Amino acid sequence: MKILLIHSDYLKYEVTKETPVAEDIEEEMKKGEMEECLSVFTAVEEKDEGKVDKVISEGVEEILDTVEKLDVDKIMLYPYAHLSSSLSDPDTAVEILKGLAEELREDFKVHRSPFGWYKSFKLSCKGHPLSELSKEIVVEEGEEEEEMVSKALEAEETMESTWGIMDVDGTFHELKVDGKEVQGYDFNENQDLKDFVRYEAGEKESGSAESSHIDLMRNHELVDYEEGSDPGNLRFYPKGRMMKGLLEDYVSEKTRRYGAMEIESPIMYDIDHPALKKHLDRFPARQYRMETPDKNVFLRFAACFGQFMMARDMTLSYRSLPVRLYELTRYSFRAEQRGELTGLRRLRAFTMPDSHALCKDLDQAKDEMMTRMDLAKSVVNGIGITVPDELELVIRATQDYFEENRDQIEKLVKNYGKPALIEIWDDQFFYFILKYEFNFIDPLGRASALVTDQVDVEQGERYDINYVDEDGEEKNPYILHLSPSGAIERVMFTLLEQAAMQEERGEKPTFPYWLAPTQVRFVPISDDQLDHVKKLEKEIETARVDIDDTDRTVSRKIRAAEKEWIPFIVVVGQDEVESGDLSVRIREKEEQVEMPLEELKKVLKEKQGDMPYREVPLPKYLSKRATFVG
RNA sequence: GCCACCGUAGCUUAGCUGGCUAAAGCGAUGGUUUCGUAAACCAUAGACCGCGGGUUCAAAUCCCGCCGGUGGCUCCA
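Following numbering that gives the first Met the number 0 from start to finish, the first sequence increments by one per residue and tops out at 629.
Just so you know, these hints were derived from the structure itself, not from any lab.
Hints are supplied without guarantee of correctness; some may be wrong.
Computed list of lysine-lysine pairs in PhoX-like fashion (alpha-carbon distance at most 25 Å, straight line) [unchecked claim]:
1. Lys134 x Lys121
2. Lys1 x Lys134
3. Lys175 x Lys11
Taking CB as the label site, the calculated pair distances span [stated by the list, open to error]:
4. Pro595 x His172: 32 to 40 Å
5. Asp426 x Glu225: 17 to 25 Å
6. Glu590 x Gly227: 21 to 29 Å
7. Arg318 x Pro442: 31 to 39 Å
8. Gln336 x Glu252: 14 to 22 Å
9. Gln336 x Ala208: 48 to 56 Å
10. His172 x Ser207: 54 to 62 Å
11. Lys604 x Glu180: 27 to 35 Å
All values reported here derive from a predicted model rather than from experimental measurement.
The beta-carbon is built from N, C-alpha and C at its ideal position, and this holds for glycine as well.
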């Protein structure tokens, strides 16, 4: 609603003719005049529809505000359509006008001029600084409307699950979960799996400690919170960016090598697009929404939208299936509830490698899923997280699917290599009928999913993705949704938590060698060796080397390097310059070894293997470095 | 989003039953030191005590609101 307030000597009007939207009025309303009053010209707008009460109360507030400043006791309400170009329907307008008059009448003398009539009027404005004011009253979206929650999210609340453990030989043990008690399986050796069940299906311990990775990600100058953004949108310092970049390179390379075609797609999508709209309703997540100059859009929460929109325009034959698409989404967005966010574990903006495979039929989908599980295992192992030892498998399926495809589920468990948690849904709430996840169980018994693959039976039809089958018929493919490593940030979370676990066990915490921001640190004992060290450093081309050329004592330099978890610390003094050997402190072995440069180079090359490589993300000389955190 | 807790120099913390110029270590800067495998020495700078409002003669300290964070609920990659 727009209002124009004029402190008037008088306002005088008379109706001349009715318009098609005129309200019915008594004879006495056809003329009116008021002296020493506040004239309130109003236009009720389209966006006020459905929010009558709110508009009235905010309107009254605005008017009272001015009335008090001007110290008047008479108010003339005057409908004036020309204040707005998008007027509301007449009923809403009359309702609001009447409401305003009624509320204001409690304390003031009010005259309401009729709505929907042509009128002649005379007005005298007082002309002082406060005498003319225009205001817009906007009732914010969300104040009255409910938050939009997908049907899948709502349905989830009523979902009933059966839980069980499947052994590698296919034996299924149904579990009884009562509070913290889990019965029906002898967990004995496998505390993580037991914690996992309790986390998924039972009651958790209360009053847990903080996750270790949050301090680590800051202390190592990897990642930090960004107060200037929305919660869950982080900043990456050079070392963190490098580590994340290497992980991104590695996962993408492996996924391309599996046969997925890498593509790039937009991060925002039209909320009114029919296929997308239905998709949203079948996905259990909250979206970021925003307005562009032309549309209402939501931010992608995975790569599905871009890849499906692309796939629907592709010409596909059964001969080309399975078709594999891939995108590293930087970023995917989910408007997670405020209290769900933590460090690198749960974010609102995250980087997810996402690959979809279009499959001819269920048999092909099953085969493809197995191929992809091998890919995922290889990716995760390559990163430095051991599968199956360090992650727990869960397979979730609808009751019908589980019963009809038990053989496939047994194969998945066998292929994974250790007993898995099974969840059976009593009904299908999502677009997928089967999904599995690799879960990391942190030291406090909390589970976080990394890898996941899903069998989707709905989106092919919803997006009108078709292939021509042998018989010449157009058919919708089965679609698999795989994240071959899980979100990159969550991989970093896992690596940091595992390092904290090493420390807990009394070992020195480490980063996987290929991810260590500095792989080799040269420590000259005094300035005299600096030139020699510079020559040595140039000899090493296959590793990230930096040089501590600061004015600190040797022990201080060692200490600094240890605190950075640098895998190889090379101390060079006069002895080394003369002998040609190097004194190498190896973190992993917690020992100090004498070796010639050539041998060090060999060891480094071996450690690196064929993992992706990037240069040192900071100046080579420590004296040139700025501090990011503290 | 809900419940509980937290927010003091770049970092880690002291002060917080209201009362002098808010204290220290690390780090930074300047100087001394040129050093042999996890902390050399001296000095200097550095604080809208998260933000806004309130109570009070007086607020880092008490109260309210907001922002940020942690844990739990719920949920996920």
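Tested hints:
1. Lys134 x Lys121: Measuring from Cα to Cα gives roughly 22 Å; hence the hint holds.
2. Lys1 x Lys134: holds, 6 Å
3. Lys175 x Lys11: Outside the cut-off at roughly 80 Å; violated.
4. Pro595 x His172: 32 to 40 Å: violated, 58 Å
5. Asp426 x Glu225: 17 to 25 Å: violated, 41 Å
6. Glu590 x Gly227: 21 to 29 Å: violated, 45 Å
7. Arg318 x Pro442: 31 to 39 Å: violated, 50 Å
8. Gln336 x Glu252: 14 to 22 Å: violated, 35 Å
9. Gln336 x Ala208: 48 to 56 Å: violated, 22 Å
10. His172 x Ser207: 54 to 62 Å: violated, 28 Å
11. Lys604 x Glu180: 27 to 35 Å: At 52 Å between Cβs, range violated.
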